[in-house]
Amino acid sequence: MAIQDTARMVSERIKDTEINPYEMMLQQLDLVREYTTIPDGIWQILRNPERTLEVSVPITRDDGGIEVFTGYRVQHSSARGPCKGGIRFHPGVTVEEVKALAGWMTWKCAVVNIPYGGGKGGISCDPSCFTRSELERITRRYTTMIYPLIGTRRDIPAPDVNTNAQVMNWIVDTVQFLSGESTPGVVTGKSIEIGGALGRHEATGRGVMFITLGVLQRLGIDVAETRIAVQGFGNVGSIASRLLGEAGAKIVAISDVSGAYHCPTGFDIDLVLDYVKQSPGHLLAGLPHSGMEEISNDELLALDVDVLIPAALEAQIAARNAEDIRARVIVEGANGPTTPEADLILGEKGTTVVPDILANAGGVVCSYFEWVQNIQCFPWEEKETDQRLGRILQRALREVWTLAEEREISLRLAAFILGVERVATAIQLRGVFP
Amino acid sequence: MPSRAPSGLIPAEVPNGILFEQALECCSHRYGLSVEAVLRRLEEGDCGMHSTFRYGLAKGLSCYLASLGSIFHEVYVYGSSIGESSNFASDIDVIVVVERRRDEIVNLLKRLNLSLTSHYRRLIGLERDPVSLLDVHVIDRTEQAERSGYGAVIGGLHTRPICLWRSDPATTGASRKENSRRASNTCSSAPKSTER
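Here the protein sequences line up with chains A and B, keeping their order.
Mapping the first sequence onto my numbering, position 75 (from 1) lands on 75, and the numbers just tick up by one.
Mapping the second sequence onto my numbering, position 100 (from 1) lands on 100, and the numbers just tick up by one.
FYI, nobody ran anything at the bench for these hints, they're computed from the structure.
Keep in mind that this is a model prediction, so the values were computed, not measured.
Don't be surprised by glycine CBs; every beta carbon is placed ideally from N, CA and C.
Nothing false has been slipped in among the hints.
If you only want the chain A side, here are some residues facing chain B, beta carbon under 8 Å, derived:
id	residue
1	Met-9
2	Glu-341
3	Pro-355
Model the full structure from these sequences, guided by the hints.
Here it is as structure tokens:
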């Protein structure tokens, strides 16, 4: 048989093979286990979500037809506080994925030491096929179905893939009608007008800035001498660029889906932001900036800079290009921008990689602030949010950094260990009921 | 998985298709059978075929690890994969020698295992077993030199592991790209039956 035939046969057989994300989460836990002394029984608790709810979500389409979708809400752990985690609308949503992401939220909240456990939810659907009124109906019906689980002191959803402030607004409204009470704290990521937090929009990018500055200080690199490349000029990348620029760093490369751009003397980020505000599709394409040249995405990643901030898609730094990375520090603004192979190669090269679980935690910390303000019925000034965000992330970085140094491990593993140990401690202190 | 998966849930990049193709070609070459016939034998639980298939997979894996640069030094396979006694649920016993053990290496190998296991189940049409296709032990140069732990197994008279790949001392410290090229040169063809 020709090699091409073999290839066809193998690809036919193994196509659509999904790597179970929950198994992957458990593998990560097993990795941590070797570094801790957490008792067996506690591990068993950590390995299993507290609750998994699968719901049927029927909606009437605009043409009068009825369609039924499957939704989930998983509460991984409430040992440290109410469960916290987003809701995603995507055709690829599965219960295994939601369980894995709920677990990840548990560790993420614990790393930055905010009083939350982890949860996640989602509906297996393609929201791009819905009209606005259909989207509202599916959101309200899903909310009704998971209503027994969610609540200000129980489980607090937030936006995630393909959900936004409007979806959260519908959830708040639905819960208010079901409970007969005003409960803005039942979700975070709402519109400002109905209880959203000032500064939420900037929080993840601001968090990346705080973490980057903290790492530079620890490595003895002068901010004023720092050259930074930012991949992705969306919400996270653009705000991190602006704030790091204001702190004195030079942003020498930026990119978005329209292309990558290099300006060795540093971009005027205010000018770039003004351009993007009014450009077609809010893209960088056609940016008029002196001393700038267009480069490829791979060239941006390989630039000789001090800090690289991947703030776009996942798996951008992979085995194929990890060796080319020249940045001394990588701050993962996006989720999962580095593959395990690349992580290995970067570690060998001595690159400092700040993991996503810490670097982009600004969003969840600000969600916590929103929740606190909702409970207190007392909105804060934006400045207060920014200052508190800085304090929490700087403390988290200090703790992760210290652990990594003490045990001579990567920041990624240190963050994971810190998160898991905190949750395990909470479970031990509470004891097992009854 | 939808976009925006955090780093803890990012799978390994391992080219499963190529690895499985090479393993099937290895069986096909050794037994003089078509790939369809090899797959049939695997589905029927032919022990010799399962061993050869696992050997071929281990060989492919060693090439993949070699392509990641000077991190890995040697890769060995032992146990049922080099005999005739593997079955559906058998794992592949592998020893990987590295300069120094690091959590990123363990992490990568765990994710490689997850990926290969999922694809193997799919290829053979299995529901659950094996739970884990790879049983990988990572040892460093010191353990190998001192023959401690699995370092002792490498030279063991009874276990007799087979070295699938060894880095060329002359190229130690070579860049990953150079290693990748060398590895692909030495590993591109299907393993020959005489290697066993």
